[in-house]
Every structure is written in structure tokens, then in C-alpha cells.
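Student: Residue-level listing of the chains:
There are 2 protein chains.
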Amino acid sequence: MNHGPAERRVAFLGPEGTFTEEALLANPPGDGPHPFPYPTIKDVLHAVRDGEATVGVVPIENSLEGSVAVTLDLLAFDFGDLAIVREVTHPIRHQLIARGPLELARVTKVISHPHAYGQCRTFLDERLPGVEHEAANSTAEAVRTVSRVDRPWAAIGTRLAADMYECAVIADDIEDSVENRTRFVFMAREPAAQDLDATYKTSIVCGIDQDEPGSLLLILSEFAYRHLNLTKVESRPSKVALGHYIFFIDFEGRVADGPVAQTLKCLACKLPWLKVLGSYPT
Amino acid sequence: MNHGPAERRVAFLGPEGTFTEEALLANPPGDGPHPFPYPTIKDVLHAVRDGEATVGVVPIENSLEGSVAVTLDLLAFDFGDLAIVREVTHPIRHQLIARGPLELARVTKVISHPHAYGQCRTFLDERLPGVEHEAANSTAEAVRTVSRVDRPWAAIGTRLAADMYECAVIADDIEDSVENRTRFVFMAREPAAQDLDATYKTSIVCGIDQDEPGSLLLILSEFAYRHLNLTKVESRPSKVALGHYIFFIDFEGRVADGPVAQTLKCLACKLPWLKVLGSYPT
Chain B
3 MNHGPAERRV AFLGPEGTFT EEALLANPPG DGPHPFPYPT IKDVLHAVRD GEATVGVVPI
63 ENSLEGSVAV TLDLLAFDFG DLAIVREVTH PIRHQLIARG PLELARVTKV ISHPHAYGQC
123 RTFLDERLPG VEHEAANSTA EAVRTVSRVD RPWAAIGTRL AADMYECAVI ADDIEDSVEN
183 RTRFVFMARE PAAQDLDATY KTSIVCGIDQ DEPGSLLLIL SEFAYRHLNL TKVESRPSKV
243 ALGHYIFFID FEGRVADGPV AQTLKCLACK LPWLKVLGSY PT
Chain R
3 MNHGPAERRV AFLGPEGTFT EEALLANPPG DGPHPFPYPT IKDVLHAVRD GEATVGVVPI
63 ENSLEGSVAV TLDLLAFDFG DLAIVREVTH PIRHQLIARG PLELARVTKV ISHPHAYGQC
123 RTFLDERLPG VEHEAANSTA EAVRTVSRVD RPWAAIGTRL AADMYECAVI ADDIEDSVEN
183 RTRFVFMARE PAAQDLDATY KTSIVCGIDQ DEPGSLLLIL SEFAYRHLNL TKVESRPSKV
243 ALGHYIFFID FEGRVADGPV AQTLKCLACK LPWLKVLGSY PT
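These protein sequence lines are chains B and R, in that order. Just so you know, the first sequence maps onto residues 3 to 284 in this note's numbering. Just so you know, the second sequence maps onto residues 3 to 284 in this note's numbering.
Don't take each hint at face value.
Copies of the same chain look alike in the list, so a pair counts if it fits in one copy or across any two.
30 Å max Cα-Cα, derived DSSO-like pairs, lysine-lysine [to be verified]:
id: 1; residue 1: Lys277; residue 2: Lys267
id: 2; residue 1: Lys111; residue 2: Lys44
id: 3; residue 1: Lys44; residue 2: Lys234
id: 4; residue 1: Lys203; residue 2: Lys234
id: 5; residue 1: Lys44; residue 2: Lys203
id: 6; residue 1: Lys234; residue 2: Lys267
In short, the hints are calculated from the structure, not lab data. No experiment lies behind these values; they were computed from the predicted model shown.
Build the full structure now, drawing on both the sequences and the hints.
Tutor: See the structure below:
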């Protein structure tokens with residue numbers, strides 16, 4: 003793979019062949035990007051900040067597993083200088099993958115990341131009962147392993163990894179829930195352009211002075227007053243002191259809109275700490 | 003291990019030797035329980051519902067990884083008949099474990115669950131740079147593996163697992179963050195007794211008719227009006243229709259308190275759907 007020059011590099015949470023790369027390839031940035039894997043979410047964000055990459059793609063929320071708290075905390079505390087410039091929601095479809103054509107009845111071992119295994123339990127219980135399970139560090143690692151060994155083993159992984167390692171998909175879409183999808187955010191050093199034709203969402207994080215009854219109400223009333231629709235509210239421990247919280251809030255609209263600008267201005271007056279994580283097309 | 007009679011069995015998310023069992027043993031229910039491992043969170047809850055166990059212990063939130071969405075959704079949608087009767091917060095301390103005494107410089111492989119590995123990255127990068135990493139399905143499985151092989155391998159796991167498999171802890175508390183802790187809930191068929199001397203928390207989940215601006219405000223105003231302090235607010239997709247949300251709310255107080263009872267009564271009038279997940283001592 004030619005990773006290309008840094009000025010067109012798109013950093014993503016690796017390794018290659020996992021869902022983050024699948025989401026990126028299904029939704030490529032416009033300028034002919036060169037995907038480049040980094041081992042952790044923090045490494046992806048550092049690559050963007052340091053100019054190694056123009057954009058970085060990281061998971062922020064899975065419909066079954068919930069928010070990726072590591073990403074939320076990094077954006078709130080460590081990478082407040084970066085901006086979310088886009089979000090994409092990508093369906094999580096697990097494939098059963100072998101080195102070549104292989105009947106299910108002949109499979110003697112299933113290799114996968116523990117999360118992927120947990121998300122395919124119905125299929126595994128019904129179609130591969132009692133078959134040994136071996137853990138891997140990623141779905142891509144699992145596929146690579148089966149591609150290299152001439153044994154009747156199968157991996158749970160992405161269609162992308164199956165192609166990448168020239169393997170066969172021996173059972174399609176084996177996940178328990180068709181609702182399984184992950185929201186990824188594209189991070190950059192500069193905020194997204196505010197295109198008036200597109201639908202936007204804005205993400206903020208804010209802290210409150212004291213955890214007193216009504217503090218969240220104070221925040222939300224600013225949105226309600228201006229008829230702004232919230233799409234997510236989540237409290238997280240603030241890390242500053244036990245019992246203190248910060249709030250992640252997503253809402254419809256763009257920072258260039260009058261009501262959004264007013265809301266943010268009023269909140270900035272009321273609250274000790276507020277960051278706009280990004281205002282981006284959806 | 004003698005798992006004892008079902009009427010005193012405490013179900014927990016297994017396998018044996020993981021953090022859920024550690025949390026349970028550090029906070030045993032009063033009646034001399036017999037811990038019994040189940041393979042999934044759903045299996046633990048089924049065991050409680052079916053009377054195989056009197057209490058079930060499952061993780062609900064980790065300070066670094068966020069909410070355990072699987073647990074939230076099961077409590078909201080599938081096991082609304084069970085009640086949270088207690089919560090405990092247990093520190094997540096990772097140990098580097100070998101079959102016997104072993105110098106760090108001699109370790110050739112580290113085996114662990116991918117999450118545990120990700121939570122010890124600083125130690126691993128500094129003290130064991132370049133050492134091969136092999137995935138396991140659980141920290142307990144990793145410890146069992148190193149206990150059985152006469153090789154210079156180390157596992158990342160709990161102190162409980164080290165004891166259980168008669169292994170040596172060769173490096174203590176190797177986690178990156180001392181803030182790493184998990185909140186576990188104890189589930190039962192009957193609600194907790196309302197002891198007037200203890201401090202209580204109450205957890206509810208509720209749905210709204212339509213996702214219109216101000217719907218969450220409507221809910222929170224009932225708490226603010228009665229000076230009830232919220233300790234958690236989290237929106238989740240409702241699973242009923244795209245774009246619809248449900249809200250998980252934790253607050254201080256017990257259902258037997260007048261203001262709490264009034265709040266719940268008013269919310270039940272306003273909302274199409276509300277469940278009290280439990281009112282329990284903290």
C-alpha cells in the first residue's frame with residue numbers, strides 16, 4: 003500500500019481492514035485521500051494535530067456498545083483544538099471468513115475479537131455449536147491468521163479484510179442485530195465549512211460550576227427556548243473532582259445559524275467551561 | 003468449587019477470576035452467597051429471573067470505557083421485571099502475572115483481553131517495549147494460559163485470578179489510570195428494602211412521545227423543581243424507530259421519599275413509558 007504524501011493522508015484507527023477503514027472507504031473525503039492506520043485513537047488525533055494527516059477518522063458511538071468514552075474524553079480534555087468536520091454512520095456487518103471455500107460443518111475453530119464474537123452469538127450457537135473460540139486483537143488480525151494457516155478455521159471480520167487477505171466469505175452478515183452500527187467522526191485542525199444547503203449537527207461539551215439540582219436544566223432550557231432539537235445528551239465524570247460531571251450535547255443546526263450562535267453565547271456566559279467540538283454536515 | 007444450592011446462588015458475569023467476581027467478593031451480599039459464573043450478561047439476568055440465583059451481578063459503567071450499553075438495554079427492554087438492589091464501584095487494578103517469579107526483561111509474550119492491554123499501554127510501552135501481544139477472551143483466560151505453559155509469558159489479569167491459578171504477580175497495578183473503576187449493579191426479583199438510615203440512589207429509564215425540542219427539559223424540570231440531584235443522564239436510541247430516544251436518569255433519593263414519589267408520579271402522567279430500574283443504597 004502506498005500511503006502517499008502527508009498532506010493528503012487520512013489517519014484512521016487501525017489496523018487495516020477493520021470497520022473504521024471500511025467506513026472511511028465507503029465515505030471518502032473528496033480529495034483522493036491516502037488512508038493510513040494508527041494503533042490507537044490518541045495516535046490518530048496526534049497525527050492530525052501534528053500535521054502528519056489532514057483528517058483523522060475515529061469511532062465515537064456504537065448503537066449496541068454505547069459511546070466510545072476514550073474518544074469523548076480525548077476530544078473534551080486533550081484535543082479541544084481539533085474540530086469534528088463530518089460524521090458518518092456505518093453498519094457493522096460481520097462475515098464468517100475462511101482461507102477458501104469451507105463448509106460450516108467442517109469448521110473446527112472460530113477466531114475473532116471478543117466484541118465481534120459477542121455480537122454473533124446467535125449464529126455461532128445455532129450453526130457452530132461447541133466450536134472452539136480463539137481471541138484476536140482485532141477482526142483484521144483474525145482474518146490474517148486464518149489466511150496464513152491451512153486449517154479448517156474461520157474468522158469473524160469485515161468484507162474489506164476478506165478481500166484484503168484474499169479469503170472467502172463462507173457465511174454473510176452473521177451479526178445478531180441488524181441495528182448494529184457505529185458513528186465515526188472525521189477530525190481536522192480547522193472547522194468544517196458552513197455550507198448553507200446541507201443539514202448540520204453541532205457537538206459541544208460543557209462543565210458546570212457545582213453539581214446542584216437544576217444545573218443541566220439551566221443548560222437545556224437555552225436549547226428549548228430556541229427550539230433546537232437535541233440528538234444526544236450524556237453526562238461523564240469530569241476527572242476534576244469526584245461527583246462533578248461534564249455534559250456532551252449534540253443538537254441539530256450549525257454554529258452560523260442565529261439561534262445556535264445565541265444559545266452558545268448565553269451558555270458561555272452561564273458556564274465556567276464550554277467547547278464546541280464541531281459543527282458538521284450529516 | 004461448590005456452587006451450593008440455587009437459593010443462595012449469586013450469579014455473576016464470568017468466567018471466574020475476572021473483575022466482576024472480584025467486585026462481588028469485595029462486597030459480598032450478607033447471607034453467605036455462593037458465586038456462580040454465567041457466560042453473558044443476559045445469562046446472569048435470566049438466572050435471576052428464573053430463580054436459579056437470588057442475586058445477579060453485572061457491570062453497568064466503567065469510568066474509562068463508558069456505560070455498558072448491553073446492560074442498559076437489557077434492563078430497559080428485556081428485564082424490566084428485575085430491580086437494581088445495590089451498586090458497588092470497584093477499582094480496576096491490572097496485575098502482570100506469570101507462572102512463577104520472572105524478571106520483566108525475560109518476558110517474551112504478554113497475553114490479555116484487548117481492553118486490558120489498551121488500559122496498560124504506558125507500562126507496556128516503557129517496560130516491555132516490542133514484546134509480542136496475544137489476545138485472550140478474558141483476563142482470567144489469559145492467566146489460566148500462562149499458568150499451564152512453562153514459558154516466559156505473562157498475563158494481564160486480576161489479583162484474584164493470580165491467586166486462583168497459583169501464579170505470581172510480577173508487576174503490581176500496571177494500569178495507566180488510577181481513575182479506572184467499574185460500577186456494578188446487583189439485580190434481584192424484588193426491590194431493595196428502603197432502609198431510612200442509608201443513602202439511596204434511584205435509576206429510571208423513560209421514553210418520550212416525540213423527539214421535539216424541550217422534551218428532556220420537561221422531564222428534568224420535575225427533578226429540579228423538587229431539588230433532586232441528578233447523577234447521570236444518558237440518551238440512547240429507542241430501538242422503536244430511528245431518531246427516537248430513551249433516557250437513563252440516576253438521581254439521589256429513594257422512591258419512598260415524598261419528593262421522589264411525587265416526581266415519578268408526575269413523570270408517569272406526562273410520559274408514555276417510564277420504568278423504575280431500582281432504588282438502592284450506595
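Student: Each hint needs a verdict: does it hold in this structure or not?
Tutor: Right, here's what the structure says about each hint:
Proximity of Lys277 to Lys267 under the C-alpha cut-off of 30 Å is restricted to the intra-copy arrangement: shortest distance 11 Å within a copy versus 36 Å between copies. Proximity of Lys111 to Lys44 under the C-alpha cut-off of 30 Å is restricted to the inter-copy arrangement: shortest distance 24 Å between copies versus 33 Å within a copy. Taking CA atoms no more than 30 Å apart as the test, Lys44 paired with Lys234 passes in both settings, with 23 Å inside one copy and 26 Å between copies. For the homomeric pair Lys203 and Lys234, the shortest alpha-carbon distances inside one copy (11 Å) and between copies (23 Å) are both at most 30 Å.
Taking the shortest Cα distances, Lys44 and Lys203 sit within 30 Å of each other inside one copy (24 Å), while across copies they are farther apart (35 Å). For the identical chains of this complex, Lys234 and Lys267 are neighbours both inside a copy (20 Å) and across copies (25 Å), given an alpha-carbon limit of 30 Å.
Consistency note: the structure conflicts with none of the earlier hints.
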